[in-house]
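Line order of the protein sequences matches chains A and B.
Position one of the first sequence corresponds to residue 21 (our numbering), numbered consecutively onward.
Position one of the second sequence corresponds to residue 21 (our numbering), numbered consecutively onward.
Calculated directly from the structure, the hints in this document are not laboratory data.
One should not assume that every hint holds.
Stated by the list, open to error - Quick look at which bits of chain A chain B covers, simulated, 3 or more residues with Cβ under 8 Å:
1) 222–235
2) 245–252
3) 285–296
All residues carry an ideal CB built from backbone N, CA and C; glycine is no exception.
Number of protein chains: 2
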Amino acid sequence: MKPLLLESRHLSLNTATLGPRHSLQQAVEGCVKYGFGGIAPWRDKLTETGLKQACRLINDAGLRVSGLCRGGMFPAGTKRERADIRADNYRAIDEAAALGAECLVLVVGGLPPGQKDLASARRQVEDGIAGILDYARAARVRLAIEPLHPMYAGDRACINTLAQALALCEGFGEGVGVAADAYHVWWDPDLPAQLHRAGRGQRLYACHICDWLVPTRHLLTDRGMMGDGVIDLNEFCRTVDGAGYSGLYEVEIFSDGGWWQKSVDETLGTISARIKALNAAEDNNEH
Amino acid sequence: MKPLLLESRHLSLNTATLGPRHSLQQAVEGCVKYGFGGIAPWRDKLTETGLKQACRLINDAGLRVSGLCRGGMFPAGTKRERADIRADNYRAIDEAAALGAECLVLVVGGLPPGQKDLASARRQVEDGIAGILDYARAARVRLAIEPLHPMYAGDRACINTLAQALALCEGFGEGVGVAADAYHVWWDPDLPAQLHRAGRGQRLYACHICDWLVPTRHLLTDRGMMGDGVIDLNEFCRTVDGAGYSGLYEVEIFSDGGWWQKSVDETLGTISARIKALNAAEDNNEH
């Protein structure tokens with residue numbers, strides 16, 4: 021496998037990594053200070069800042085937007101709710117277009133409240149994406165389905181493997197791909213094959229990294245900094261790169277008790293150091 | 021799909037459902053009182069009671085042993101540790117044989133401490149099973165690989181889907197099958213196909229049920245009573261039955277803050293009532 025030497029300029033900062041306490045402006049300033057190549061805002065940060073001001077901040081800083089988080093959440097109990105969801109996804113597409121985002125990340129949604137029919141929820145996801153695809157294509161916004169870890173199948177996303185996401189993408193044709201997040205897919209016995217499938221189809225739109233802690237104390241907000249957990253991130257990033265990925269490596273860490281309590285400097289300084297350590301690990305494991 | 025009307029006699033009680041406070045004798049008495057067809061002890065309960073006494077209690081009660089929990093935990097950092105693990109698996113096989121257990125459930129183990137190579141851990145699992153298979157066949161003990169939910173890939177089991185488990189089984193031939201636990205596999209988009217694959221190959225050795233709570237507050241000990249979560253257990257049990265499964269439906273609920281605090285009567289009475297409710301749900305959903 022070809023060597024991969026990640027530097028800060030290959031990274032993007034997902035704003036969720038800084039937690040709710042920090043503003044988009046602080047995130048942008050941090051990215052510039054630590055030499056990150058891009059940023060990936062959540063929509064709450066756009067609302068907080070105002071879309072125009074957010075675009076200005078990010079453009080002036082010369083940052084790429086590796087993705088906008090997020091659209092999706094398609095399954096719902098009623099037609100009315102589904103119409104509202106579609107309208108919200110249109111707005112997300114508009115925002116992604118305004119930002120020049122390289123994709124709109126879709127967290128597709130789980131089971132509607134009180135329901136247990138996962139197959140039906142999955143069909144609703146397919147219908148939901150079908151319903152926004154023309155709008156997204158017209159806006160030149162790529163949709164990146166993010167398969168979430170199976171532990172979120174009930175409440176957040178019923179697309180849980182890359183194979184499942186890619187089968188959907190391939191049914192849709194142009195403009196729909198995947199966001200491969202190490203946290204969600206690292207366990208998958210079919211991971212290398214599916215990353216290559218995504219690459220071959222030009223559907224590898226985004227790559228997210230963080231680490232899986234052992235033990236994990238909370239299903240949502242106990243993700244680890246790269247190097248603190250058990251994911252072989254060096255191998256993961258090399259496989260993604262080998263599959264033809266040319267985008268940024270987006271760092272997304274939900275960490276209520278940990279990184280969300282720290283300063284921007286501490287978090288971004290640690291990310292930069294850990295990326296160097298990943299490269300060093302590669303030197304040691306050369307094969 | 022053919023109708024499935026579960027009664028208490030189709031159930032087995034996994035002793036983990038009663039939590040650590042209750043003895044094997046209390047579990048056996050509960051099974052008899054509520055008309056369960058079988059029991060599935062964990063090995064700690066055998067140690068506590070003594071193997072001979074445990075066999076006597078269970079036989080005298082006329083209960084089947086749907087499985088012994090558990091063997092496995094194969095990956096390790098050193099040759100010495102792997103030898104100890106093999107010896108312990110031999111003991112587990114002896115115990116399963118003494119009990120006349122319908123299978124020995126294998127929780128295969130995750131990454132050895134400090135390691136990140138999941139592919140290597142998976143090869144160790146394969147080697148580990150290969151190393152005990154002749155012994156198990158000689159003892160006429162069937163080995164049931166239990167794929168665990170992907171959230172346990174790091175620390176408890178690196179076999180995480182039925183497809184992965186069945187590929188292993190098929191490589192081994194006779195005497196190795198799977199334990200399909202609704203909690204671990206309910207999210208799998210390929211679930212029906214894999215259950216049928218297991219059935220066709222005569223490899224569906226055990227079926228475990230409980231429910232997935234939303235939200236789930238702890239990765240290990242926040243499983244739900246059937247009906248309290250989002251798994252379509254009626255559909256799951258019907259598919260298992262339709263795949264040719266003829267064993268008991270084993271109830272295994274890890275619930276530190278909930279069911280483990282309750283009396284045997286409350287837990288087994290609730291299980292019996294919920295099984296009836298599952299049947300009723302089926303009547304309503306007839307299609």
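Hints and how they fare:
Coverage of the region 222–235 of chain A by chain B holds [criterion: at least 3 residues with CB-CB distance below 8 Å; count 3]. A stretch counts as covered by a chain when three or more of its residues have a beta carbon under 8 Å from one of that chain; for the region 245–252 of chain A and chain B the count is 4, and the coverage holds. Check result for the region 285–296 of chain A against chain B: violated, 0 residues qualifying (beta carbon to beta carbon below 8 Å, three or more required).
When the structure is compared with the earlier hints, a violation turns up for hint 3 alone.
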